[in-house]
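> Sequence:
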Amino acid sequence: MSFTDDLLKIASDQVGIKEQTGHNDGQSVFVFTGGRSEAWCAHFVVWCYRTAGKPIPGDVVPSVKKANPLASVSFLESIFKDHEWHYREPKVGDVVFFKTRGASDRGPGRHTGIVERVEGTVIHTIEGNLSDSVRRTKHKLDDPRITGFGRMP
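Take any residue in the sequence shown, note its place counting from 1, add 462, and you have its number in my numbering.
Among these hints, one or two may not hold up.
With a cut-off of at most 30 Å between alpha-carbon atoms, the simulated DSSO-like pairs for lysine-lysine come out as follows [stated by the list, open to error]:
id, residue 1, residue 2
1, Lys471, Lys561
2, Lys600, Lys480
3, Lys527, Lys516
4, Lys561, Lys527
5, Lys553, Lys480
6, Lys471, Lys516
7, Lys527, Lys602
8, Lys553, Lys527
9, Lys543, Lys527
10, Lys543, Lys553
11, Lys600, Lys561
12, Lys480, Lys561
13, Lys480, Lys516
14, Lys543, Lys516
15, Lys602, Lys543
16, Lys528, Lys471
17, Lys516, Lys528
18, Lys528, Lys480
19, Lys561, Lys602
Label-pair restraints from in silico Cβ distances [said to hold, decoys possible]:
id, residue 1, residue 2, range
20, Tyr549, Gly571, 37 to 47 Å
21, His545, Thr483, 33 to 43 Å
22, Val526, Val580, 16 to 26 Å
Note that these hints are calculated values from the structure, not bench results. Bear in mind the structure is a predicted one, so any value in this text is a computation, not a measurement. Positions of the beta carbon are idealized from the N, C-alpha and C atoms, including for glycine.
All chains, please: the whole structure from these sequences, using the hints.
Right, here's the structure in full:
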C-alpha cells in the first residue's frame, strides 16, 4: 500500500470516535492529544500522518506536560507554506485548512482535516473535532473558508 492508502485507512478507522463529555476529552481523544484537553482537529491530522509513517516537520509527540506546536492549525499551515507545500488544488491525502472552526465551535479560529477524495468541485474529508468527534464530511471547493491544501513530497 502507498503512504496515502495507509493514511486514509488510519484516518478512516478513527471515524466515530467521540469526546467523552464534549470538552475535548476522553481516552479515545487523548490518543491524539497525549492526554491534553484542548482543541484536537490538528492533533488528529498530525497523529494520522505520524502513525502512517510520515511525520510532519516539527511534530512532537504530545503529553500532558509537553505540547505539540503543530496542534495550532495556524502554525501547522505555516509549516506547509514555509516548505512551499501549500496548494490551491486538492489531492487525495492532502491536509485541508479552513479559516474558521468546525460547526461545533462557532468562535473565531481555524480548523483542519484530511482530504479523502475529490469529486469534481467537492472534496470529501475526514476531520477530527467536528461536532466533538471524528467524522466524514464534504465541502465545495469554492467554500470561502478553505485557505488551501498541504501536501508533503
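> Enumerate the violated hints, using their earlier numbering and listing them in ascending order.
Violated: hints 7, 8, 20, 22.
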